[in-house]
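Undergrad: Could you build the full structure based on these sequences and the hints that come with them?
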Amino acid sequence: MRPHRVAYPTARFTMLIMIQAIIMSIVLFGNSILKINALDCFKCISKAGEYPPCDDPFHNNYTSDILESPCWAGRKQRNGVFPATTCVKLAGTYDDTGETLVVRGCAVDSGTLTIDTELVRMSHCGGFYYEDRYVRGCVQNCLDDGCNNAVTFRQTDTMIKTAIVFAFAVIVISYM
Numbered sequence: 004m005r006p007h008r009v010a011y012p013t014a015r016f017t018m019l020i021m022i023q024a025i026i027m028s029i030v031l032f033g034n035s036i037l038k039i040n041a042l043d044c045f046k047c048i049s050k051a052g053e054y055p056p057c058d059d060p061f062h063n064n065y066t067s068d069i070l071e072s073p074c075w076a077g078r079k080q081r082n083g084v085f086p087a088t089t090c091v092k093l094a095g096t097y098d099d100t101g102e103t104l105v106v107r108g109c110a111v112d113s114g115t116l117t118i119d120t121e122l123v124r125m126s127h128c129g130g131f132y133y134e135d136r137y138v139r140g141c142v143q144n145c146l147d148d149g150c151n152n153a154v155t156f157r158q159t160d161t162m163i164k165t166a167i168v169f170a171f172a173v174i175v176i177s178y179m
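Okay, so the sequence shown: first residue is 4 according to the numbering used here, each after it adds one.
Since the hints were derived computationally from the structure, they do not count as laboratory data. It is possible that some hints are incorrect.
[What the hints assert, rightly or not] No more than 16 angstroms apart at the CA atoms, straight line, and that leaves these computed lysine to aspartate or glutamate pairs for EDC-like:
hint: 1; residue 1: Lys50; residue 2: Asp135
hint: 2; residue 1: Lys50; residue 2: Glu134
hint: 3; residue 1: Lys46; residue 2: Asp58
hint: 4; residue 1: Lys46; residue 2: Asp59
hint: 5; residue 1: Lys79; residue 2: Asp112
hint: 6; residue 1: Lys50; residue 2: Glu102
hint: 7; residue 1: Lys79; residue 2: Glu121
hint: 8; residue 1: Lys50; residue 2: Asp98
hint: 9; residue 1: Lys46; residue 2: Asp147
hint: 10; residue 1: Lys46; residue 2: Asp68
hint: 11; residue 1: Lys50; residue 2: Asp99
TA: The structure is reproduced here in structure tokens:
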């Protein structure tokens with residue numbers, strides 16, 4: 004009786020699989036490697052309802068012109084702008100007139116040790132001055148693309164890429 008021979012892939016076949024894996028990785032994740040790690044945030048200001056696309060309730064209809072992708076912001080005690088780490092929405096009413104104010108934008112965590120000096124680490128409500136006028140309202144922060152009230156499709160894009168990678172892995176494993 005002849006011993007059972009196990010079929011091992013040839014060196015050429017193994018090299019082809021490796022090349023395919025490298026090409027697929029570049030195609031699927033190349034844009035992620037080169038992309039700056041910054042958020043996409045809506046940037047706009049509406050005082051007394053003068054700019055309806057920015058006002059609450061926010062509707063992501065015809066607002067692509069106010070989406071900054073990627074969003075850049077200043078940083079305390081530094082010159083220049085940096086990739087945003089947080090999207091911000093400030094909403095309130097002027098104390099003197101009762102007019103509404105909505106400001107959407109982005110910010111950068113400056114890296115200080117205490118949470119009370121970093122606006123971007125937690126949402127706040129209360130009173131504050133905006134352009135020398137007292138406002139009562141809230142500053143809200145979020146950490147996802149377009150999260151200062153809009154829909155983004157990056158999560159769907161990531162899920163599709165993940166599914167393709169898993170399908171490719173199953174095909175490669177089945178040939179081994």
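Undergrad: Taking the earlier hints as the rules, which of them does this structure contradict?
TA: none
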